[in-house]
Amino acid sequence: MQYEKKFRKLIIQAIENNATDIHLEISKLGSHCEFRTLQGLIQCENIKVVPELFAFIKYRSNLDLYTDRKPQSGRIVIRLLNHDIYLRVAHFKNYLIETMVLRILNPQQALSFETLFNHSEQAIIHKLISNGTGLILFAGSTGSGKSTSLFTMISHLKHQKIYAIEDPVEFYYPNMVQLEINPSINFDFEAAIKQVLRHDPNVIIIGEIRDEKEAKAAIRCAYSGHLVLSTIHANDVHSVIGRLENFNINKQEIKQVLNGIIYQKLRYDDERKMRYAHFEIITQNQIHEAFESDADRTVIGMYRTQT
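The sequence shown runs contiguously to residue 407 in my numbering.
There could be a bad hint or two in this list.
Here are the computed lysine to aspartate or glutamate pairs in the EDC-like style, where the Cα-Cα straight-line distance is at most 16 Å [stated by the list, open to error]:
#1 365 to 336
#2 258 to 214
#3 316 to 266
#4 158 to 198
#5 148 to 134
#6 109 to 134
#7 193 to 168
#8 193 to 152
#9 313 to 336
#10 351 to 392
#11 148 to 198
#12 365 to 221
#13 316 to 288
#14 294 to 336
#15 109 to 121
#16 351 to 290
#17 316 to 345
#18 105 to 145
#19 158 to 104
#20 106 to 152
#21 193 to 164
#22 355 to 345
#23 316 to 353
#24 105 to 152
#25 148 to 164
#26 148 to 104
#27 313 to 266
#28 106 to 145
#29 316 to 290
#30 170 to 198
#31 128 to 198
#32 313 to 345
#33 351 to 312
What the hints contain is simulated information worked out from the structure, not anything from laboratory work.
Construct all of the structure, not just a fragment, from the sequences and the given hints.
As structure tokens, then:
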């Protein structure tokens, strides 16, 4: 009960500071608790990080309490302030340090499609999805709100059969079928795609493109004649093409299936004391032009040498 209260206090304090992540650390130099905010890392107040708190969070997120040297990931759903708060947990420990990062995934913060995107952005997005086929990527840095924007757009799609392949499922949406990758039972991306394609989907979501197998999965689904949506980490909108090339997606595949890139960056409004999303959208025609432009190819090449 003691650590339940401390844990709840920690999450409430993070939400009050509009934090996206909670960083906990224990090492020979001491212990630390910090919140990731738009202004940077800030110290937690009156939260003492001890091994017992780590053990409690591991227990709540269904991590193996007896595995120390293997990185683990899990999730927690906790009822706070009359809302379900979703947390993604990542844990690592070695003989020098133990760290844990909790990503706050709060669907209550999601805006409506009309509020999130302005009129011109809405018109472009409607055009991107109007064909009902191809790949649309939401890109941005870590914590920029890519997944939130993707699922906000999904909530705007009516009368569609939507299937999501996620690793892991972070929180649940009522208007889609969500499949979670589970290697322990041999349910990988290949198996998930086979199942989804048998269910006559209109829209397929690949939760995040992090490596070659996920990139190949997104391309394969797009080639099957479905609308595919996914997220990808990138430093800027042009870097997305370079990342796909790093995942062994060739130029022809990109030109054929990539309908558009929606790049997102969070900014802070000093007057309203709140964050807002700034979007840059590139359409398929602009993507084709990027392959013909020496300047854009230079940008792509610079990114590729950095990864």
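Taking only the CA atoms, is the gap from residue 128 to residue 198 under or equal to 16 Å? holds (10 Å)
Quick one, are residue 316 and residue 345 close enough, alpha carbons at most 16 Å? At roughly 11 Å apart (the allowed maximum being 16 Å), residue 345 and residue 316 satisfy the hint.
16 Å Cα cutoff - pair residue 148, residue 134: Distance of about 11 Å is within 16 Å: holds.
Holds or violated: residue 193 to residue 164, with C-alpha atoms at most 16 Å apart: holds (12 Å)
Residue 193 paired with residue 152 [C-alpha distance capped at 16 Å]: Satisfied, since the Cα-Cα distance of roughly 14 Å is no more than 16 Å.
Checking one constraint from the list: CA of residue 148 to CA of residue 198, max 16 Å. Satisfied? Answer holds: residue 148 to residue 198 is near 14 Å, not above 16 Å.
Can you confirm whether the C-alpha distance between residue 148 and residue 164 stays at or below 16 Å? violated (23 Å)
Keeping to a limit of 16 Å between CA atoms, is the pair of residue 258 and residue 214 held or broken? The given pair, whose Cα atoms are some 15 Å apart, holds under the 16 Å limit.
CA of residue 170 to CA of residue 198, is that 16 Å or under? holds (11 Å)
Quick one, are residue 106 and residue 145 close enough, alpha carbons at most 16 Å? Roughly 12 Å between the alpha carbons, so the hint for residue 106 and residue 145 holds.
Is residue 105 close enough to residue 145, meaning Cα to Cα at most 16 Å? The given pair, whose Cα atoms are some 15 Å apart, holds under the 16 Å limit.
Is the Cα-Cα distance between residue 158 and residue 198 16 Å or less? holds (12 Å)
The structure fails hints 9, 14, 16 and 25 (numbered hints given earlier, in ascending order).
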